[in-house]
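*Asks:* Let's have the full structure, built from the sequences with the hints guiding it.
When the letters of the sequence shown are read in order and numbered with our numbering, they come out as residues 10 to 94.
Keep in mind that the hints were calculated from the coordinates and are not lab data.
Just so we're clear, the structure is a prediction, and the values are computed from it rather than from any experiment.
One should not assume that every hint holds.
Pair by pair, the computed Cβ-Cβ distance ranges are [as the list claims (entries may be wrong)]:
#	residue 1	residue 2	range
1	Glu31	Arg77	28 to 36 Å
2	Asn80	Asp44	27 to 35 Å
3	Gly65	Thr20	13 to 21 Å
4	Ala32	Gly66	16 to 24 Å
5	Met48	Lys27	15 to 23 Å
6	Asn80	Phe24	28 to 36 Å
7	Arg71	Asp18	27 to 35 Å
8	Gly66	Glu31	29 to 37 Å
9	Ala78	Ala32	25 to 33 Å
10	Gly33	Val70	23 to 31 Å
11	Lys27	Ala78	15 to 23 Å
16 Å max Cα-Cα, derived EDC-like pairs, lysine to aspartate or glutamate [as the list claims (entries may be wrong)]:
#	residue 1	residue 2
12	Lys27	Asp68
13	Lys30	Asp55
14	Lys27	Glu37
15	Lys30	Asp68
16	Lys53	Glu37
C-beta atoms are modelled at their ideal positions from N, C-alpha and C, and glycine is treated no differently.
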Amino acid sequence: MHILVVEDDPTVRNFVAKGLKEAGHLVELTDNGKDGLFMAVSEKFDLIILDRMLPGGIDGVRLLATIRAQNNATPVPLLSALAEG
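*Replies:* Structure (structure tokens):
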């Protein structure tokens, strides 16, 4: 599978990417909604994993709505977690 991961936290992003790559998937990464949107509409992905809270003015919910407005029906799970400490 060709998978896009849009996650601003490098620890989470790298953890998710490592697991997906070890499972044999082709993984592309970005850390913000603006680049995530560009990639999502420019390339064909089998799955797009989004962080709900992203920097740069386009959060995960807004990014998902914009992707759907492009008639893109790619499955998109949203990650939602807060790091403390």
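*Asks:* Hint by hint, say whether it matches the structure.
*Replies:* Do the hints match the structure? See the list:
no., hint, verdict
1, Glu31 <-> Arg77: 28 to 36 Å, "30 Å, holds"
2, Asn80 <-> Asp44: 27 to 35 Å, "21 Å, violated"
3, Gly65 <-> Thr20: 13 to 21 Å, "19 Å, holds"
4, Ala32 <-> Gly66: 16 to 24 Å, "32 Å, violated"
5, Met48 <-> Lys27: 15 to 23 Å, "19 Å, holds"
6, Asn80 <-> Phe24: 28 to 36 Å, "32 Å, holds"
7, Arg71 <-> Asp18: 27 to 35 Å, "18 Å, violated"
8, Gly66 <-> Glu31: 29 to 37 Å, "33 Å, holds"
9, Ala78 <-> Ala32: 25 to 33 Å, "30 Å, holds"
10, Gly33 <-> Val70: 23 to 31 Å, "30 Å, holds"
11, Lys27 <-> Ala78: 15 to 23 Å, "32 Å, violated"
12, Lys27 <-> Asp68, "23 Å, violated"
13, Lys30 <-> Asp55, "14 Å, holds"
14, Lys27 <-> Glu37, "11 Å, holds"
15, Lys30 <-> Asp68, "25 Å, violated"
16, Lys53 <-> Glu37, "11 Å, holds"
In the structure shown, a violation is registered for the earlier hints numbered 2, 4, 7, 11, 12, 15, in ascending order.
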